[in-house]
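*Asks:* Protein chains in written order, with my numbering: chain A, 753 to 1128; chain B, 113 to 193.
FYI, nobody ran anything at the bench for these hints, they're computed from the structure. Heads up, the beta-carbon is just placed ideally off N, CA and C, and yes, glycines get one too. Be aware that a few hints might be false.
To be verified - Straight-line alpha carbon distances no greater than 27 Å define the calculated DSSO-like cross-link-like pairs of lysine-lysine that follow:
1) Lys-165/B x Lys-1081/A
2) Lys-123/B x Lys-1081/A
3) Lys-1081/A x Lys-120/B
4) Lys-1022/A x Lys-120/B
5) Lys-123/B x Lys-1009/A
Said to hold, decoys possible - Not everything, but these chain A residues come out facing chain B in the computed CB check (under 7 Å):
6) Lys-791
7) Lys-795
8) Ile-797
9) Asn-992
10) Thr-996
11) Asn-1003
12) Asn-1089
13) Leu-1092
14) Ser-1094
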Amino acid sequence: MKYTTFNQVNNNPLIEPMFFGNPVNVARYDQQKHPIFEKLIEKQISFFWRPEEVDVSKDRVDFQKLSDSEKHIFISNLKYQTLLDSIQGRSPNIAFLPIISIPELETWVETWSFFETIHSRSYTHILRNLFGDPSSIFDDIVENKEIKKRAEDISKYYDDLIFATQLWQTLGEGTHTIKGETHIITMRELKKKLYLCMNSVNALEAIRFYVSFACTFAFAERELMEGNSKIIRLIARDENLHLTSTQHVLNLWAKGKDDPEMAEIAEECKEQATQIFLHAVEQEKEWAAFLFQHGSMIGLNKEILCQYVEFIANHRMSAIGLGQPFDIKNNPLPWMNNYLSSDNVQVAPQESEISSYLVGQIDSEVSAEDFGDFDL
Amino acid sequence: MVTIKDHKTVKHPPQNTLLETIEQHQIEIQYHCREGYCGACRTKLTKGQVEYKTDPLAFIDDDEILPCCCFPISDIQIDIG
Ligand code: FES
Ligand SMILES: [Fe+2]
Ligand SMILES: [Fe+2]
């Protein structure tokens, strides 16, 4: 079905499914089929923040004090997070918007993705403060094989759905041969791809950030890199909301509260969904091993991080009806909760960098001679 | 009164959220946001009723509650798993 930016059919959005019904026409929020998405939009907007509001200048001094293995941990995590937010800043828009059928979900996805772009901008803010020119860090993201491995696993479900949607939009259902490759496009197949993609996104929002969050907050526990930690707390707050949204989508489907065919698919693909999650858990554990290959950091090691990933995974998996596959019962990093709570996470005005100060900061490299011709 | 499976029965001061009451008795319970949007505190309610003063946003099943933002309105039994 061809996509239209304003569907002329006078349809009733209250009876449309979340996906693969009529394209959305009027952006109206006075009535909602699934009010939760409207509430999530409001909550997310109330979280609005700007990276520049957080003073990270002290981190530059702290960074010099870190050991080489700690520097490796800190920078690698930032690279991985940069990758995740690069993907999340665009993919929900490109993959989901063309097939969404209700306005509140459409706007939720746009709001969600917008906040991912704030996260991306904050990494530039952090890195520019540490290095002046962070090019080599960004360049390595597309070279580093540990990061590339993860990128492939995350983007493949999105890419698969996007390509199938494009074929469906241009050629419709049927068997299509493109450049010698055969693609079978049916509504059922499209919905399956959507289901798997949503599970992959859910796993991403659920656990893929938590190894790096734990490292960031372990530094902060030692009163190191606290500007960075403040930014990561704001990011973590947003990620929690994103996760809530994907959990709602998956549960609306599974419980038959939206498209009945999606309820069947959820049942049929449960094993695949479980595997997607477990694979993400494995990759996070491998990431912990990669981080600590040159040595661990005070307060954290590979074993405890892996236990934490399992602990978080149990919680997240049970929320979408996948049970609790890991034995761990108690939180191995209880202090993490303090950093993940909303209390006191707002940027305090006295700590913010006012813009005039920012200008001063940029100019601080200028030497006295540069003012030689100035008469004061 | 709040009965917590495998732990104990405790008195609930009305100004507390359920989470605060549980924490005051040193019983380990998960939380992140403490505002009802993350779902980390998701708990089974096996008996009784609670109310919310703000809308809980996190996904919960029909038999589950969010202790961080709910207030018991009767004696309750919960299972924090
Ligand atoms: S702690 Fe986040 S919902 Fe209760
Ligand atoms: Fe993000
Ligand atoms: Fe996110």
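*Asks:* Does Ser-1094/A hold up as a contact with chain B if the rule is Cβ-Cβ below 7 Å?
*Replies:* holds, 5 Å
*Asks:* Using the nearest Cβ pair, does Ile-797/A come within less than 7 Å of chain B?
*Replies:* The hint is violated - Ile-797/A has no Cβ within 7 Å of chain B, the shortest such distance being about 13 Å.
*Asks:* Does Lys-120/B sit within 27 Å of Lys-1081/A, going by the straight-line distance between their CA atoms?
*Replies:* holds, 18 Å
*Asks:* Would you check whether Leu-1092/A satisfies its interface hint, that is, whether its CB is within less than 7 Å of any CB in chain B?
*Replies:* Because about 4 Å separates Leu-1092/A from the closest Cβ in chain B, which is inside the 7 Å limit, the hint holds.
*Asks:* Would you settle whether the hint for Asn-1089/A is holds or violated, based on the nearest Cβ-Cβ distance to chain B being less than 7 Å?
*Replies:* Hint holds; Asn-1089/A Cβ to chain B Cβ min 6 Å, cut 7 Å.
*Asks:* Go through the hint on Lys-795/A and say holds or violated, using the shortest Cβ distance to chain B against 7 Å.
*Replies:* holds, 6 Å
*Asks:* Less than 7 Å between beta-carbons is the criterion; does Asn-992/A satisfy it with respect to chain B?
*Replies:* OK, holds: Asn-992/A within 7 Å of chain B, min 4 Å.
*Asks:* Between the alpha carbons of Lys-123/B and Lys-1081/A, is the straight-line distance 27 Å or under?
*Replies:* holds, 26 Å
*Asks:* Quick check on the hint: Thr-996/A CB to chain B CB, less than 7 Å?
*Replies:* Cβ of Thr-996/A sits 5 Å from chain B, so the hint holds.
*Asks:* If you draw a straight line from the CA of Lys-1022/A to the CA of Lys-120/B, is it 27 Å or shorter?
*Replies:* At roughly 37 Å apart (the allowed maximum being 27 Å), Lys-120/B and Lys-1022/A break the hint.
*Asks:* Go through the hint on Asn-1003/A and say holds or violated, using the shortest Cβ distance to chain B against 7 Å.
*Replies:* holds, 5 Å
*Asks:* Classify the hint on Lys-791/A as holds or violated, based on whether any CB of chain B lies nearer than 7 Å to its CB.
*Replies:* It holds, given that the least Cβ distance between Lys-791/A and chain B is near 6 Å, below 7 Å.
Hint violations for this structure: numbers 1, 4, 5 and 8, all remaining hints satisfied.
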